[in-house]
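> For this one, chain C is given, so just place chain Z on it according to the hints.
Protein chains in written order, with the numbering used here: chain C, 560 to 779; chain Z, 0 to 691.
Heads up, a few of these hints could be off.
[Claimed, not checked] Here are a few chain Z residues that face chain C, going by a calculated C-beta distance under 8 Å:
1. 29
2. 219
3. 379
4. 581
Derived by calculation from the structure, the hints in this document are not laboratory data.
Just so you know, even glycine gets a beta-carbon here, dropped at the ideal spot from N, CA and C.
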Amino acid sequence: MNESTAKDRFTVSRRAFLKSFGATAAAAATAQVETVAKELEKADAEPVYGPGAVPITLQVNGKLLKLEVEPRVTLLEALRDRCKLTGSKEVCDRATCGACTVLLDDKPIYSCSRLAIDAQAHAITTIEGLTENGELTGVQRAFIEEDALMCGYCTPGFIMSVTGLLKENPKPTAEEVRHACAGNLCRCGTYPRVLRAALRAAGVPVTTSKTEVISYAKLA
Amino acid sequence: MPSWPEKHTYIGAHTRRIDGPAKVSGTARYTSDVQPSGWLYGMILRSKWPKATITSINLEKARKLPGIKAAILVRDCPRTVRYYGEELAAVAGTSKQACLDALRSIEVEARPLPFVVHEEDAKDEGSPRVWDKVANLSKPRLDEHGDVDKAFAECAAVVEGFFTTPVQIHNCLETHGNTISWTEEGLTAWSSTQGITSVRDGLAGNLDVPQSQVRVISEYMGGGFGSKFGPGVEGAVAARLSKEAKAPVKLMLPRFDEALAVGNRPSSFQQLKLGATAEGKLHAFQMDNYGTAGIGSGGVTEGGGGGAEIRMPYIYHVPNIRVRQSGVNVDAGSARAFRAPGHPPASFGMESIMDELAVKLNLDPLELRLRNDPSEVRRKEYRLGAERFGWTEKYRKPGSSPGPIKTGVGCAGATWGGGGHGTHAEAQINPDSSIEFRCGTQDLGTGTYTLIAVVAADLLGLKPEQITVRIGDTRYPPSGGSGGSTTAASVSPAIYDVCMNALQQLQERSSITDARGPNWAAACKKLGVEPLIVSGRWQRGLSSSGAGGVQFAEVRVDTETGFVKVKKITCIQDGGMFVNELTAESQVNGGILMGMGYALYEGRVMDRTSGVVLNPNFETYKLTGLADTPEIDVVLLDMPERGVIGIGEPVTIPTAAAIANAVANALGVRVSSLPITPAKVLAALGKVKPVA
Numbered sequence: 560m561n562e563s564t565a566k567d568r569f570t571v572s573r574r575a576f577l578k579s580f581g582a583t584a585a586a587a588a589t590a591q592v593e594t595v596a597k598e599l600e601k602a603d604a605e606p607v608y609g610p611g612a613v614p615i616t617l618q619v620n621g622k623l624l625k626l627e628v629e630p631r632v633t634l635l636e637a638l639r640d641r642c643k644l645t646g647s648k649e650v651c652d653r654a655t656c657g658a659c660t661v662l663l664d665d666k667p668i669y670s671c672s673r674l675a676i677d678a679q680a681h682a683i684t685t686i687e688g689l690t691e692n693g694e695l696t697g698v699q700r701a702f703i704e705e706d707a708l709m710c711g712y713c714t715p716g717f718i719m720s721v722t723g724l725l726k727e728n729p730k731p732t733a734e735e736v737r738h739a740c741a742g743n744l745c746r747c748g749t750y751p752r753v754l755r756a757a758l759r760a761a762g763v764p765v766t767t768s769k770t771e772v773i774s775y776a777k778l779a
Numbered sequence: 000m001p002s003w004p005e006k007h008t009y010i011g012a013h014t015r016r017i018d019g020p021a022k023v024s025g026t027a028r029y030t031s032d033v034q035p036s037g038w039l040y041g042m043i044l045r046s047k048w049p050k051a052t053i054t055s056i057n058l059e060k061a062r063k064l065p066g067i068k069a070a071i072l073v074r075d076c077p078r079t080v081r082y083y084g085e086e087l088a089a090v091a092g093t094s095k096q097a098c099l100d101a102l103r104s105i106e107v108e109a110r111p112l113p114f115v116v117h118e119e120d121a122k123d124e125g126s127p128r129v130w131d132k133v134a135n136l137s138k139p140r141l142d143e144h145g146d147v148d149k150a151f152a153e154c155a156a157v158v159e160g161f162f163t164t165p166v167q168i169h170n171c172l173e174t175h176g177n178t179i180s181w182t183e184e185g186l187t188a189w190s191s192t193q194g195i196t197s198v199r200d201g202l203a204g205n206l207d208v209p210q211s212q213v214r215v216i217s218e219y220m221g222g223g224f225g226s227k228f229g230p231g232v233e234g235a236v237a238a239r240l241s242k243e244a245k246a247p248v249k250l251m252l253p254r255f256d257e258a259l260a261v262g263n264r265p266s267s268f269q270q271l272k273l274g275a276t277a278e279g280k281l282h283a284f285q286m287d288n289y290g291t292a293g294i295g296s297g298g299v300t301e302g303g304g305g306g307a308e309i310r311m312p313y314i315y316h317v318p319n320i321r322v323r324q325s326g327v328n329v330d331a332g333s334a335r336a337f338r339a340p341g342h343p344p345a346s347f348g349m350e351s352i353m354d355e356l357a358v359k360l361n362l363d364p365l366e367l368r369l370r371n372d373p374s375e376v377r378r379k380e381y382r383l384g385a386e387r388f389g390w391t392e393k394y395r396k397p398g399s400s401p402g403p404i405k406t407g408v409g410c411a412g413a414t415w416g417g418g419g420h421g422t423h424a425e426a427q428i429n430p431d432s433s434i435e436f437r438c439g440t441q442d443l444g445t446g447t448y449t450l451i452a453v454v455a456a457d458l459l460g461l462k463p464e465q466i467t468v469r470i471g472d473t474r475y476p477p478s479g480g481s482g483g484s485t486t487a488a489s490v491s492p493a494i495y496d497v498c499m500n501a502l503q504q505l506q507e508r509s510s511i512t513d514a515r516g517p518n519w520a521a522a523c524k525k526l527g528v529e530p531l532i533v534s535g536r537w538q539r540g541l542s543s544s545g546a547g548g549v550q551f552a553e554v555r556v557d558t559e560t561g562f563v564k565v566k567k568i569t570c571i572q573d574g575g576m577f578v579n580e581l582t583a584e585s586q587v588n589g590g591i592l593m594g595m596g597y598a599l600y601e602g603r604v605m606d607r608t609s610g611v612v613l614n615p616n617f618e619t620y621k622l623t624g625l626a627d628t629p630e631i632d633v634v635l636l637d638m639p640e641r642g643v644i645g646i647g648e649p650v651t652i653p654t655a656a657a658i659a660n661a662v663a664n665a666l667g668v669r670v671s672s673l674p675i676t677p678a679k680v681l682a683a684l685g686k687v688k689p690v691a
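Only chain C is shown next, with the shape it has when bound in the complex (with noise of 0.2 Å):
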């Protein structure tokens, strides 16, 4: 892109950040001398992008979609206001809560804290991906079933995480689920059924408490 507009914009550019870096660091660690020349290297090597808008490629849900966004969107607000998936919600926009997780390559991540840019050439799923021709996932069955979805915000995040989970880990313990869960937030108080919806999923036997209707009127 147009490397002159850049520096209008931004006083330091990523290579200006690098050699200062480098000074510092230098002075420091001649250790570290090295690595910094490396990076500087490769920052050279690197085309320089925006600020303005530049077209990109996503792979999302199997589908190659053409954009042209600024470099500092982010791959959350290219996939909700771009490309009209608004499944994955931002609550936090910082990497905290987990609503905006997607798949990059099946690993869960944080979509509102990559770039846009950032996410060409990966395959990306989202919530929408999830269903072929209409028909529902197990984990998207167990959370109906379970019902470990309240206002249903933060679900969309919920399931992509455990479905993360269950490509690597088919069959988790309910431990794995909560660690695979931790960067996930729920306002509502879901992550009991939660719990249960993945470990259901996934097969495992659930040994969580279940609810007792009991008649108050045989009570004594």
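The following block gives chain Z in isolation, referenced to the frame of chain C:
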């Protein structure tokens, strides 16, 4: 008087959410997902001063930036701002980036003024006043009966303590916001709201548009918890931007703003004194309490309308009481209703001092409750809960748990009003036997869509999936806001009435004596070409108000790190006739997990020096996570004769108190300030200095 049939097919059973498929596939359309043709982004510029006179705001540069279609002042200058984050100006543009650039280009001139953000500072006469003509600390409101001083002198045991609760932030996952299109034909607002009607009325009033020309839609919304009844400043701003730009404007707040300007639960600082007779009967109670609702401490609305008062001595009847309460203004965003306003802080204070009294009387705290709880239902719930929880086996004298990781147990009770109110609904029955219900209520995630389908299917002898439910639009017959745990008890009776009217009319028109179930399709076919449209409204006799509930907590406290792990919660919750057990249990889980956050993690932190909120995000404002989630044992106590009662609120009330009591039971010393952080645990154990 109408009554529910005794035999049910779907009412009281487990029915999966009818909106489940939309929510798990990403097709459920929330306000933040709406993208009307030509829509623009809206963004708000907020004050970076906690208090200042804003002398001028220059929008000229912003207006000239590429992509910017509108820029407005929220209010004319000069003006005073009273908290960090108060709305100053707003822009609408073709991209998020254009709006970000535009906000940065706005020049604001301000004269900073002295401010105060901490309650303890603000109540001193010498501190800067939030409102020039009013002292920050309101005159205490006194509630007194009996001879309190004499009664304390008569007590066999008297305990005192100081208990504090923080300002809690709603932090709904979908932030506050609207997508608004304002044209000559009127105004359409997609709103993330718990009250489509109250948003319509708010927008109409603010913008001087007839209510009939404002349409509010909320198909799906990502949580409210009491903070989303009105359009808010952001709603009116989105409408004005839309008018100026001549295009729809979507203005959803960023996460940070949620901690600043769209509500919170007021804090409390409770000096308590409680006395009992030698038989362990409560005899005298005294409280001095103040708390802050930000810049708008009304003081007398029990937290519901934003005041800081709490209901004391909570669920207990004490013959001699003296309660003095004040609100204290600080330079921070106003409070709003927050799930069971006024109750969780009251429960925490009262149930804590009850356990202190039990220690003094050398009584099991459960026994003290059984001797003093005036509610027979709750006493039965305590007995049932104690049995399931294993209270007798688990309860030990405070601090007697061996080793560095100590276990402890605690319990607490709740009360809530709820009840139903005026709701209208209608149904259209088509000759092909399909049926559509329309009601101007909304589903906050509590399961209202499914509730309507369950009630209708049960009464008409159909299956829930045969019922089409349309809600969340002010063009449907009006219902009320979803607050105070009133939606289930308001909507169910109206659907009942529609069903009864539908059956009567369908039977008349078809000459089929019982149009339900197997005869439904045949009866509908006889309608010919004209669908049947029937209406109905809320009726007395099908719902009631008043729910109790008790909870037991078991915790493990690491006395070396101060970390509290909740191992188990047992909840016994009454709620009349449960319409859908599946979604009711989800409500219970949710209330408990939110209560756990209140007990252990949550609390707004204000910086005394800069006046800013220090934790407006999820890195530093911690919510309960899946990894923290304990084993939860839920009993729904069925009382079908009482009709429908909402339970969204009572289930969140006693959790924090039960956990705090369990922590005190484990340690033998009490952390009397929420949230119970590791630092406070270690300070209570004398291992570190208390944090200021």
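> Provide an ascending list of the numbers of those earlier hints which the structure does not satisfy.
none
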